[in-house]
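Novice: The primary structure of each chain is shown beneath.
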Amino acid sequence: MLDVSKIREDFPILSKKVYDGQPLIWLDSAATSQKPRSVIQSIVDYYEGFNANVHRGVHALSIESTAAFEDARQKVADFIGAESSECIIWTRNTTESINLVAHTWAQENIHAGDEILVTALEHHSNLVPWQKVARDKKATLRIIPLAKDQSLDLSEIDTLINPRTKLVAMVQKSNSIGTTNPVKELAAKARAVGAAVLVDGAQSVPHMPVDVADIDCDFLAFSGHKMLGPTGIGVLYVKHDILERMEPFLRGGDMVLEVSYEDASWNSLPWRFEAGTPNMAGAIGMGAAIDYLNGLGMENVRDHDIQLTKHALDSFKELEEELEIYGPKDPALRSGVVSFHHPDVHPHDLGTVLDRRGIAIRTGHHCTMPLVRSLGVPATARASFYLYNTNEEVDALLDGIKEALRYFGNGAGTAG
Amino acid sequence: MALERLDDLYRDAILEHRRNPRNADKLEDFDTTGDAVNPFCGDEIHLQLKQDDKGRITAVGLQGEGCSINRASGSMMSEAAKGKTPTEIRALTDWVRKLMQGDPEAESQLSPEGDLRNLFGVREYPIRIKCALLPWSALDEALSKLSDG
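Going down the list, the sequences are from chains A and B.
Using this note's numbering, the first residue of the first sequence is number 1, and each one after it goes up by one.
Using this note's numbering, the first residue of the second sequence is number 417, and each one after it goes up by one.
Bear in mind the hints are in silico, worked out from the structure with no lab data behind them.
A quick note: this is a predicted structure, and the numbers were derived from the prediction, not measured.
Mixed in with the good hints there might be a few duds.
[Unchecked claim] Below, a list of computed lysine-lysine pairs in the BS3-like style, where the Cα atoms sit at most 30 Å apart: (1) A:17 to B:546; (2) B:470 to B:500; (3) B:514 to B:546; (4) A:317 to A:148; (5) B:442 to B:500; (6) B:546 to A:402; (7) A:184 to A:329; (8) A:16 to B:546; (9) A:184 to A:310.
[Claimed, not checked] Chain A residues, not near chain B, derived (Cβ > 10 Å throughout): (10) 9; (11) 147; (12) 152.
The beta-carbon is built from N, C-alpha and C at its ideal position, and this holds for glycine as well.
Generate the whole structure from the sequences, applying the supplied hints.
Specialist: Right, here's the structure in full:
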């Protein structure tokens with residue numbers, strides 16, 4: 001169990017008031033999470049205390065910043081059960097992590113006639129790069145379709161994963177509707193045909209225990225800013241024996257061992273994949289975010305998400321007949337996100353009404369345009385939860401939705 | 417209470433136009449058409465215009481999918497466009513755009529189109545300005561296809 005009122009004291013922004021004194025209700029953590037004071041302070045400490053470029057200087061500050069930077073990398077490795085910190089590559093975000101794989105590993109390993117398999121739940125960041133690889137390599141992009149409840153329809157999975165499959169790239173937790181996919185089972189099927197496995201962990205790593213050894217994936221991509229960390233820092237985990245054979249992505253400073261005017265040899269792992277001055281403050285901030293999450297325990301973070309989701313789904317039953325709620329109903333198969341649509345209230349109008357009550361939600365297609373189109377609506381409204389949200393905030397959301405229905409619903413009068 | 421301020425955006429006239437959009441039937445007999453899509457929210461507008469022999473717009477058909485601001489703006493636009501020449505419509509479009517951008521001059525200009533003034537409140541919601549202007553983009557496109565446009 002999380003002590004949420006104590007947790008909330010750690011997040012300065014949560015005491016903010018918006019408009020005419022409405023307390024902020026942040027239900028948009030799937031877009032970006034808020035930051036605890038310890039994360040903000042770690043960045044201040046870095047800039048005030050030991051700002052220096054890493055891996056370069058012989059002086060005291062560079063030694064200190066390098067140690068903190070590499071310490072953060074080790075924290076990430078431990079957090080996801082990686083075999084070594086050498087397997088952790090700093091990127092800007094999940095999107096860059098996935099593109100790194102598409103520009104390196106995929107160039108060497110995807111050939112004409114091969115198949116790349118993704119799910120119908122993918123964020124554009126785990127779909128668009130594979131469309132290009134498939135086109136360039138004359139490979140085929142295949143999609144695991146959805147069942148009626150927007151979980152994956154696995155009835156044809158043994159045809160979809162076949163000897164031509166070279167990569168299964170799948171989201172572990174849908175940012176758009178919250179579905180949690182059985183990535184471990186799918187990874188085992190991929191292994192059986194010799195395919196590589198990439199997991200988009202942008203929403204799962206912040207919200208539940210994720211262990212790369214347990215999943216047995218080759219790649220895991222995620223972002224710092226959705227897990228209490230700063231923006232501009234992301235991670236790509238690559239299994240060690242694959243990383244050893246991967247060509248560098250960006251070339252330049254820090255990723256080289258020896259350079260002549262004609263040629264260069266590569267630095268050891270993981271720095272071979274980190275050309276140029278990295279985001280030192282971001283990495284250190286992400287390390288502080290992991291410390292904070294470890295202090296709470298990821299099982300507790302997941303259970304809190306499930307509890308909030310259950311409370312939301314139970315409360316929303318009141319509007320069951322009019323409100324379409326997407327995703328599986330079992331909180332074990334989905335959590336952290338409630339995505340919905342009402343025929344009388346456009347999501348943008350709903351978002352504006354809620355905003356004026358201090359409630360921040362996301363409306364639109366959530367960077368999953370094909371998925372939202374398949375739901376048969378132009379857009380959905382999405383509330384997403386995290387470790388600092390309360391049942392009372394979910395209740396305020398429901399009150400806000402009801403207010404919007406009085407405003408717009410069914411040709412009734414104007415403001416209530 | 418927060419919702420009182422919301423009334424500045426969702427004025428009665430906007431809610432009324434949203435519920436009873438004018439000129440919503442698709443024209444079978446038209447001289448030009450225009451379409452506009454906002455891929456970020458999935459909103460879309462499809463417009464047909466019919467002119468008389470002097471070039472004045474005599475009939476408007478407007479269909480689409482969108483939020484209340486988009487629908488109301490389109491409905492008001494369809495009423496305002498009727499009886500005007502393309503040149504007059506362009507001046508009106510220009511005025512609406514300036515109004516949305518907060519141009520003080522546009523604000524002081526009295527428009528003969530009473531209902532359109534209800535779109536004022538949208539300026540306070542920058543993210544929604546695009547919703548209000550989407551139908552006007554379809555109108556631009558329709559006019560640009562006319563030979564006398």
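Novice: Look at each hint and say if it fits the structure.
Specialist: Status of the hints after comparison with the structure:
no. : hint           : result
1   : A:17 to B:546  : holds, 27 Å
2   : B:470 to B:500 : holds, 10 Å
3   : B:514 to B:546 : holds, 13 Å
4   : A:317 to A:148 : holds, 19 Å
5   : B:442 to B:500 : holds, 20 Å
6   : B:546 to A:402 : holds, 26 Å
7   : A:184 to A:329 : holds, 21 Å
8   : A:16 to B:546  : holds, 28 Å
9   : A:184 to A:310 : holds, 24 Å
10  : 9              : holds, 25 Å
11  : 147            : holds, 23 Å
12  : 152            : holds, 24 Å
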